[in-house]
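A.B. asks: Dock chain B against the given chain A, drawing on the hints supplied.
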Amino acid sequence: MPTLIIIDQPPYGAWSGREALDMAFSLAAFDQPVSLLFTGAGVNWLRKGQTPSAIEQKSVEKNLAAAPVFGIEQILADRNSCERYGITAPVLTDGVTLTDANANLLAQFSQTAFAG
Amino acid sequence: MTNLEPHSFTLVITGAPYSTQAPQTALAFARAALDAGHTIDRVFLYGDGVHLASDLVAPPSDEPHWPKNWAKFLEKHNVPGVACIASALRRGLIDPSEQKRYELSASNLMAPFAIAGLGEWVEGNVKSSRTLYFHGGV
Chain A
1 MPTLIIIDQP PYGAWSGREA LDMAFSLAAF DQPVSLLFTG AGVNWLRKGQ
51 TPSAIEQKSV EKNLAAAPVF GIEQILADRN SCERYGITAP VLTDGVTLTD
101 ANANLLAQFS QTAFAG
Chain B
1 MTNLEPHSFT LVITGAPYST QAPQTALAFA RAALDAGHTI DRVFLYGDGV
51 HLASDLVAPP SDEPHWPKNW AKFLEKHNVP GVACIASALR RGLIDPSEQK
101 RYELSASNLM APFAIAGLGE WVEGNVKSSR TLYFHGGV
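Sequence lines, in order, name chains A and B.
Using the working numbering, the first residue of the first sequence is number 1, and each one after it goes up by one.
Using the working numbering, the first residue of the second sequence is number 1, and each one after it goes up by one.
Calculated directly from the structure, the hints in this document are not laboratory data.
A virtual CB, placed ideally from N, CA and C, is assigned to each residue, including glycine.
Check each hint, because a few of them may be wrong.
[Claimed, not checked] For each label pair, taking beta carbons as the anchor points, the in silico distance ranges come out as:
#: 1; chain 1: B; residue 1: Arg31; chain 2: A; residue 2: Thr112; range: 17 to 27 Å
#: 2; chain 1: A; residue 1: Trp15; chain 2: B; residue 2: Thr25; range: 20 to 30 Å
#: 3; chain 1: B; residue 1: Ser105; chain 2: A; residue 2: Lys58; range: 25 to 35 Å
#: 4; chain 1: B; residue 1: Glu75; chain 2: A; residue 2: Gly49; range: 25 to 35 Å
#: 5; chain 1: B; residue 1: Leu4; chain 2: A; residue 2: Thr112; range: 20 to 30 Å
#: 6; chain 1: A; residue 1: Lys58; chain 2: B; residue 2: Lys100; range: 20 to 30 Å
[To be verified] Here are some, though not all, of the chain A residues that point toward chain B, as calculated from beta-carbon distances under 7 Å:
#: 7; residue: Glu19
#: 8; residue: Ser26
#: 9; residue: Leu105
#: 10; residue: Phe109
#: 11; residue: Ala115
[To be verified] Just so you have them, the derived chain A footprint on chain B, three or more residues with Cβ under 8 Å:
#: 12; segment: 112-121
#: 13; segment: 124-136
Isolated chain B (complex conformation):
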């Protein structure tokens, strides 16, 4: 029983890079899905997953840079990457407009990630044929 219909996927990442493998597993899945002819509708970062969109991550040079690797993938394939605003603000992931609104000393959102509400996740749920979750759970 083979389903040849291509899927459109919404990927939800809730595990942080460097404390969980969730962003790495999700990226491997995303590449494999595109190779197999499917599409990625959007990537939604929720909970600790928002750390993936930080521009201030500086791992040792011999380790993968997951935020940059993800950002390159999103740009190359024109896939929107959205971090949940409530999760982001709690964890110090800030874009220029939130920096201004809360009078903070800096912003740190990596392009092309954007910050938006859970409505983006709801819309992905409705529009995509599958929504997959990448958790950091043990």
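This is chain A alone, in the form it adopts within the complex:
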């Protein structure tokens, strides 16, 4: 029963996205099939070359780069959200599949969860 963890919060300014990522890693660690979907402001997680040290935060790029290692099946990003935030091919993190976050996508998963 694949789970979709949805991150719709920007990477900095809220902690819930990081806690959603931890949920995905935890499922994968227990061999539960899980994918990630970034949508809305959450697509900013997928921007290359983040330099958050100026705001005393750790880059979420490193965390996300570990996703395939942990066994997360797919990293999905909503196409329209990426366009809205100007995240096009040159700045989009590698290994991300663009998709349309609609009912057809959600129907492929037995459950979906947000961190909050």
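C.D. replies: Just chain B, lined up with the frame of chain A:
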């Protein structure tokens, strides 16, 4: 179309008491679910939801005490209540063993809540027929 099969629920609360309505809504749901013949497998506190397990919450006397109300419900119905350890430590929710480990001045976990890892949530996902989330989002 009526489904008469009773459900076992895992409830995940991510909204804090007194800043969101999540713990209150979750408690109303939990009571209604038991009344309707369903079971609550466990309650998992995640993110800001861990504040629900604090023993140091002291609301004005004419306001509901959500941590105590939840603790009474868990004890009465023998439902495990677990706060995520990573969320808890970041937010200052501490049990005696974490107090010792991090050499902190106090602990504040309300009984019967326990502190454990996200594995408890994963197990709830697998064992329960439904996992419901109570968020504080706007």
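A.B. asks: Which numbered hints are broken by the structure, listed smallest first?
C.D. replies: 4, 9 and 10
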